[in-house]
Amino acid sequence: MPTTRVKDAGFLQQNIEKLILGAGVLVLLAAFGLFVFGNPFSIEVGGKSFADAGEAVGVLKSKDSQLEGGLSNTSPLPDTPIPAFLDNYEAMIKQSVVSPGPIPRLVRSGLNWEAMYPNVPEPPRYAMVYPPAPQDIKHKFGTDVLDAEFNPTMVDQFRELMNKPNAGRGGEPFDISMFIAAGDFDIWEWVNRLKGEQDTTTPKDNRIPIGIWAKRFGIAGVVLLREEWDDQSGVWTNRQIVKPLPGQKRVTPLDPAPTNPAEALVNVELLRQAQADIARPELPWLTDTNGTFIQASPPGGEDLLGTGLGFDEFGIGGKEALGRAEQQIVDYEEKIRELEERRRLRDEKERGRERPDRPDRPAPRPRPGGGGFDEGPGFDGGPQPNQNPERSDPIQREIDSLQKKIEDLRPKAEKEREDRVKKQEELRLQEEARRAREEALRAREGALPGFGDEFGAGLGFDGVQVEKGAKVRVWAADPTMMPGKTYRYKLLVAVINPLYAVPRLESEQLAENKARAAILPSEEEIDKMEWIGPVTVEPTARFFFTSGSETRAKVDIYRRHNGLLTKQSFDVAPGDPMGGTVTIKDKQNVNPPVDVDMGLGSVLIDITRRRDLAGNSVLTMIYQDQAGNLYERSQALDANNPDRRVLDREISEGPKWELRPEIDKTQQQFQDGFGGPGFGPGGFNEF
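Everything in the sequence shown is counted per this note's numbering, starting at 1192 for the first residue and increasing by one.
Simulated from the structure, these hints should not be mistaken for laboratory data. No experiment lies behind these values; they were computed from the predicted model shown. Just so you know, not all the hints are guaranteed correct.
No farther apart than 25 Å at their CA atoms in a straight line, the calculated lysine-lysine pairs in the BS3-like style are these [claimed, not checked]:
#1 Lys1719 with Lys1329
#2 Lys1329 with Lys1603
#3 Lys1596 with Lys1606
#4 Lys1526 with Lys1603
#5 Lys1847 with Lys1355
#6 Lys1285 with Lys1355
#7 Lys1847 with Lys1776
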């Protein structure tokens, strides 16, 4: 058997590269020969190869004829019916709205809105409506004396507001400066804005439904917007809403409010039930050294009863449901109670002066001509000989007069009562019909409208009756004024926010109004209002450099104590403090002497001579105030200062009580306290 020899293996190893190269050359020669001698442009059609393209044309034409024949023999597509969507939609629109049937309870998670209605639309975004600004605004401003005994529940708050922590600690009265503004709030204009009567730009779908705003209709607060004059910069600064009077009920946009829906509704109802107190807050009681006591009065007079917003099942409130004669009797009876209460307070105060444990309160001064006491301005003198003391009492005379009027009105009031009972039965039937309509509308729209004249001319909704053209008198006061400061004001009415705590609102609007219980007029409307003022509060003390020399100066210092101006002259030399404590006696010997601090807190630095504009040499004092600032005062200018003459005139003639009701000179009684001007045309719930 042949075998490979060792020498043969050496031959392969030595020539392997040549062998591989030769094999590659042979492969290339074979490919070249196939390309040259073969046909690279052959065509394959239907599984057959053709060397010539002309040979394939016939086969292609045959295939084309077969395709056309197959297409011509196909059947047409069948017709597909399309539902009448438009007709079905119009038919559904014409169907009447029916209440849904019972909704099955979901076992695990209770009722779920998204589960029952997966495509719930986004809640609407309503156009916010803002209240109008008050009109026909009047104001008062002045200094007076707060009676600490007649304001027992408020005196501590007055001390805090006025920054007088020790004022009236022993029950003695103390001085106050106060600004009071009053105006007419057009409640009917507010209704029209809510209804969108004059709004032509807001789509109806974006207006707040009456079923929402009617439940939040009412005044939330009456406020004063204040600015303070800055002497250094010469501009008005520190714009703010004045703090409320002690005991004043109100809510402003700055006040926190409940966000829980149940608490929010309670909050709204409390506001609606206190409309009269909110619109016309109680003003403080005032007094003076003669024992006169009277309640502060807003400008234009005050109606102690007022009307306010009444809420009852017929949409008319309390007294307004009565006839004219019945209303007058109610008014007269209420005034009699007011008079009796004033007489009781007056008698208690007079007895308090005679108490042995109050040596600082002397007995009242007898009037010349017999018994009785000086009651101060607004009251007649004591009884004369052979005169009935009870009949001489001006309060008793007023009570007797009112009782006589009541008796004269009783026959007419009885007839009105019979008519009213009949009318109330008619209203009850109308109310039942109205509620039936509201239930139907609630089921359809989720609203609670109640337009119409069911209760007379005007608009009735959600238990409220508002007469066309109705206005309500409102007022507010500022006792926080600081001595020497200058202020200006705007009187504004905050209303209950018509979107306050509404559960279904667009998310951003819901967050904005969830805790905002009240809104003010728009910024644009507030800016258009005219400022009231400026008014300047008198400083704690005023002084004038009236005479002197280059070594000494005479200064007259004026300071108010218990409502009365006090004047004291002091001689001071350079280095001396200006003023000091003096004892002041009552000119009429009614009250004991009191110590009054007449100090200025300033020190006289020097007295020199300066040349005025005319070239005359005038005495000039240089003094330093409590803050370390240096000032100059000219003796010539101070001696002829017109303000000084005004102060001296007040000391000789007595103060004019600006904050009190005006006195009817013919009857010597306060006009506004009993039978004074009313609140203007219209009002809430007038039927």
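To see whether the hints hold, each was checked on the structure:
For the hint pairing Lys1719 with Lys1329, the CA-to-CA distance comes to about 17 Å; that is within 25 Å, so the pair holds. Proposed proximity of Lys1329 and Lys1603 is contradicted: the alpha carbons are some 38 Å apart, above 25 Å. With a C-alpha separation of about 17 Å, the suggested pair Lys1596 and Lys1606 falls inside the 25 Å cut-off, and the hint holds. About 20 Å separates the Cα atoms of Lys1526 and Lys1603, which keeps this hinted pair within 25 Å; it holds.
At most 25 Å may separate the alpha-carbon atoms for a hinted pair to count; Lys1847 and Lys1355 meet this at roughly 24 Å. Of the supplied pair hints, the one linking Lys1285 and Lys1355 is violated, its CA atoms being roughly 73 Å apart against a limit of 25 Å. With a C-alpha separation of about 21 Å, the suggested pair Lys1847 and Lys1776 falls inside the 25 Å cut-off, and the hint holds.
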